[in-house]
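Enquirer: Go ahead and model the full structure; you've got the sequences and the hints to work with.
Just so you know, we're using UniProt numbering here: the sequence shown kicks off at 1 and counts up by one.
Accuracy of the hints is not assured; some may be wrong.
Stated by the list, open to error - In silico SDA-like links for lysine to any residue, alpha-carbon gap of 25 Å or less: (1) Lys212 x Ala153; (2) Lys212 x Asn317; (3) Lys142 x Leu159; (4) Lys174 x Gly117; (5) Lys174 x Arg222.
Keep in mind the hints are simulated off the structure, nothing from the lab.
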Amino acid sequence: MVEAGLLDQVMSQVDAGELVLTGEGGFLPEMIKAVLERGLAAEQTAHLGYEKGDPGGRGTPNSRNGSSPKTLHTEAGEVALEVPRDRAGTFEPRLVPKGSRRTGGLDEMIISLYAGGMTVRDIAAHLHRTLGTELSHETISKVTDSVLEEVRAWQSRPLEEIYPIVYLDALVIKVRDGHQVRNRAAHIAVGVDLDGIKHVLGIWVQATEGAKFWAGVCAELRNRGVRDVLIVCCDGLTGFPEAIEATWPQSVVQTCTVHLIRAAMRFVPYNDRKKVAAALRPIYTAPTDEAARLELDAFADSELGRRYPAAIMTWENAWERFIPFLAFPPELRKIIYTTNAIESLNYQLRKIIKNRGHFPNDDAVIKLLWLAIRDIEDKRARARAKEKGLPPNARKAPGRLVEGAVVQGWKAALGQLALACPERVNHYLT
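Expert: So this is what it looks like as structure tokens:
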């Protein structure tokens, strides 16, 4: 078409308004129709063993028997096909299988739109508006549900025996519970393996009391092969430290320092936040827990501390879960100081779920979050592929968000962990 100049002719007709590309009667649906019907005819010829009109086919046990109409939903709109039949009823087309009403590309488009945060109703309206394709809400739901088995396989896949560091953070989502819509927490765990590579370990929607829920999560991780976790960095979660210590007794549960600072800042007006942040810095940069205690007491006795006692109380209440951080050398402190590794992911996910009113059940939450994570990483990978071969200073594509990303400064941090816990780390390094 390009060499013959036909494509230029088609595009000039499109520009002049004489030809439409998609929708009913569009150029692309008609092209798809022609290609598919020719392909089906070729398949039938191969099945019967002789060309249409060939005298050699006379007297054979099977022959052509007209066609059946079929509407196929495609990325370019609806296509009305004539599917050939045979008298024996043994012809099984592969190009457009029996029972198939959509092309694979349309299914992929639906799943991509769903992963981007569009609801089933939004997708139906979008396809009708842009392609002229009318799909029922039930059909679209079935397409998105087709990934559930893949999600379940991912959620139950085997894991590494040891993750030196695990980050845990949560998203607040709305889920229908009977006749009510309730707020629930969708927890996402990211583990760092011995090579310093991050992996999303799983997604769990908290529907029961804290201690019981976390005991189930830890048991699931252990059953999937996790034998040891050195440090778990998270926000204060009821029942979680106890569940971790019951499953991996030597693990350290570390309160995220950034979360702690933010929690204290809730009680501080905007005008004083910089001053309070400066006053808190000597606490979490102290060389020892004794020195940090002295800094906290000094802040409490200062004018700022007396003005904001609730901020002091926040640190007091979290003190036992904060001070393990102070026992680590600088190389490790940089890595466990914050759960930013997972917060950046959650920021992207919040943008996707913010337009949804609520989810019908917990499986729908996990399905969307899994699809969204995969979609984000795929988009970033495609952007990097386009810049392949360019000099480093010319590349602008973002790196991996979480899955497969490498922790900066990991070699030094792993060395410190090997010195601190030689019997737990060195066994896996050999």
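Enquirer: Is Lys142 close enough to Leu159, meaning Cα to Cα at most 25 Å?
Expert: violated, 30 Å
Enquirer: Taking only the CA atoms, is the gap from Lys174 to Gly117 under or equal to 25 Å?
Expert: holds, 14 Å
Enquirer: Is the straight-line distance between the alpha-carbon of Lys174 and that of Arg222 25 Å or less?
Expert: Judged against 25 Å, a Cα distance of about 29 Å means the pair is violated.
Enquirer: Decide if the proposed pair is consistent with the structure: Lys212 and Asn317, CA atoms, cutoff 25 Å inclusive.
Expert: OK: Lys212 and Asn317 at ~23 Å, within 25 Å.
Enquirer: Just to be careful, I want the Cα atoms of Lys212 and Ala153 compared with a cutoff of 25 Å; is the pair within it?
Expert: Holds - the C-alpha atoms of Ala153 and Lys212 are around 24 Å apart, at most 25 Å.
In this structure, the hints that do not hold are numbers 3, 5, in rising order.
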